[in-house]
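Assemble the complex: chain A is given as a structure, and chain B must be docked to it using the hints.
Here are the chains, one letter per residue:
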Amino acid sequence: METSDNFSISRMLRYIRFDFVSNKKSYIMRISLIAIILFLVMLLVSMTAGVGDVVTHAHYCGTIGIVASWMLAIALSISLSYIFEPMKTIGGRINHLMLPASKAEKFTGRLLISTLGLFAAFIVAILVTESVRNVVLLAFGDKYSDVIGFDFFGIVKELWGIMFVDKWLTTHQMFGFSTFLLGGALWYNYSFVKTLFAQTVIGMGLLILGGFFSILSLITDWLDSADWEVLYNVSFVVAWVIMLAMWVLTYQLYRRASIVNKRFIFKQ
Amino acid sequence: MIEVNDVKFSYSKHQPPVFDHFSIRFESGKIYGLLGKNGSGKSTLLYLLAGLLKPAEGRVLYKGNDAARRRPSFLGDTFIVPEVFDTPDRTIVAHARELSRFYPHFDNEFLNFCIKEFEIDPKRSMIHMSMGQRKKAYVSLALATRPRLLLMDEPSNGFDIPSKSQFRKVIAAGAADDTTVIISTHQAHDIENLIDQIVIIDYNGLLINVPVSVVIERLTLCRQMFGESTDGALFVRPMLGGNIAIYPTREGIADSMPLDLETFFEAVSMNPVMFTNYLNEKPVENGNV
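Heads up: the sequence lines are chains A and B, in that order. Read in order, the letters of the first sequence correspond to residues 1 to 268 in the numbering used here. Read in order, the letters of the second sequence correspond to residues 1 to 289 in the numbering used here.
These are computed hints drawn from the structure, not numbers from a lab. As the structure is a computational prediction, the values presented were derived from the model and not from experiment. Don't take every hint at face value.
Restricting the straight-line Cα-Cα distance to at most 30 angstroms, the calculated cross-link-like pairs of lysine-lysine (DSS-like) are [stated by the list, open to error]:
#, chain 1, residue 1, chain 2, residue 2
1, B, 123, A, 194
2, B, 116, B, 54
3, B, 54, A, 194
4, B, 13, A, 25
5, A, 24, A, 103
6, A, 167, A, 88
7, A, 194, A, 167
8, B, 123, A, 88
Chain A is nowhere near these chain B residues, computed Cβ spacing over 10 angstroms in every case [to be verified]:
#, residue
9, 20
10, 53
11, 72
12, 76
13, 89
14, 95
15, 98
16, 162
17, 168
18, 270
Backbone N, C-alpha and C fix where the C-beta goes; we use that ideal spot for every residue, glycine too.
Isolated chain A (complex conformation) (with noise of 0.2 angstroms):
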């Protein structure tokens, strides 16, 4: 039995195991989901990949990789807004704060199960659906052999090429998971819904600032002379600063969780 007070990777791992054991139902249930959601793409992608001109396996995995990508994103912005799920009620908070595990490995183990447990998820339902639709389209005969093949690399690839290459396309999506990582630890109930909500009323403030630089380099000319490339850069160290910020509050509030509802915005 492991006799640390800190940290310990053995009783995060046993932690990460109680959390599935404990919703497992839970856990299969939105597997399924993504996989039948994935399954129905992929069908209906196959079967009009013949309709107009384009009609290769590459232009099936590149579809799908785009809608795959699309749907990891959301996938990935609701577990990470429900990351504290099991502190939405007393019992359940009692039962989460009390096990025998440090804060650092209960907060570690949750965001393991909610990023890294949610890609292994994923990349088993396209295991899964990509292997079905095969079967499905072959008892079609002919029809749609141009569509027919196991190319699971091919779509992770797309997948990967787009969440994860463009360096300005991943700080942006990266941006708006730690809004929904921060907003899970602020609402336990209805996070997802609340920190939409949240971004929205931030996200037309910032638009009424940005209308207000634009009128303001129309008057004087300061942003002619402004090195755009400087401007990025400075934006983009900003975001990330920005975000681990957010890292930071997240784990502070989780740190500080108590079995009372929290008051204010941190109002449940």
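Only chain B this time, still in chain A's reference frame:
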């Protein structure tokens, strides 16, 4: 073993504190009955002891460490049975298997004893059990972890009459010699023959913290007919056909009976200073005051 040192706690800045410079010490190997009126802070005290709430001032120390930090070593020694609780969608045995990985002293043999005593269906998911059955399952798991600090908030709520007797039996069998058990309840009768020490708290303060043996030894409860003198009684309450009175124990009191916790609680709530002074003063020879 666990001590509350000069704690101040409030749920909101706009509300009066539940505890203001409150201190108490709970010893190992004792079963405490925590009594108090609604809203007096019984549950809050249990949550503070469990580290589920952090005091604004003062500290709750378990073996010298701050309980609010909820370190794994503290959590491994502690179990709280709250009034409101969640159970997972699996059997008690399956849940115990996972829980046992976190509790160094987990006792499967004792869990089986509890399952048998409480007549819990080990093949039924806990989420599909009745409220009383779920509570029994939760209490069983709590005891099977062999905690050094066991906190229970209204544990007998939802129990039928046979279950209350089973509950007492299981607690008596499960509390180890070095375990501190603190049971908060309004159902004083349910823990009467179980506890070693009575703690009564009132709004913002400790009314009394006294061993049951001292109460039994030094106080006597009497039923009296109307018209009978109640001179010397520490507490008198009218009842059907007469009075019920608490006297300092002395020889020759007619119709005396063992003191029950509910009457004692009522009496202390009305005059805490007098009872505290009386029970804390050194006994006079022959038991007379």
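So, going through the hints one by one against the coordinates:
no.	hint	result
1	123(B) with 194(A)	violated, 40 angstroms
2	116(B) with 54(B)	violated, 38 angstroms
3	54(B) with 194(A)	holds, 27 angstroms
4	13(B) with 25(A)	violated, 42 angstroms
5	24(A) with 103(A)	holds, 23 angstroms
6	167(A) with 88(A)	violated, 35 angstroms
7	194(A) with 167(A)	holds, 28 angstroms
8	123(B) with 88(A)	holds, 28 angstroms
9	20	holds, 18 angstroms
10	53	violated, 5 angstroms
11	72	violated, 5 angstroms
12	76	violated, 4 angstroms
13	89	violated, 6 angstroms
14	95	violated, 8 angstroms
15	98	violated, 5 angstroms
16	162	holds, 26 angstroms
17	168	holds, 24 angstroms
18	270	holds, 32 angstroms
Hints 1, 2, 4, 6, 10, 11, 12, 13, 14 and 15 from the earlier list are contradicted by this structure; the remaining hints agree with it.
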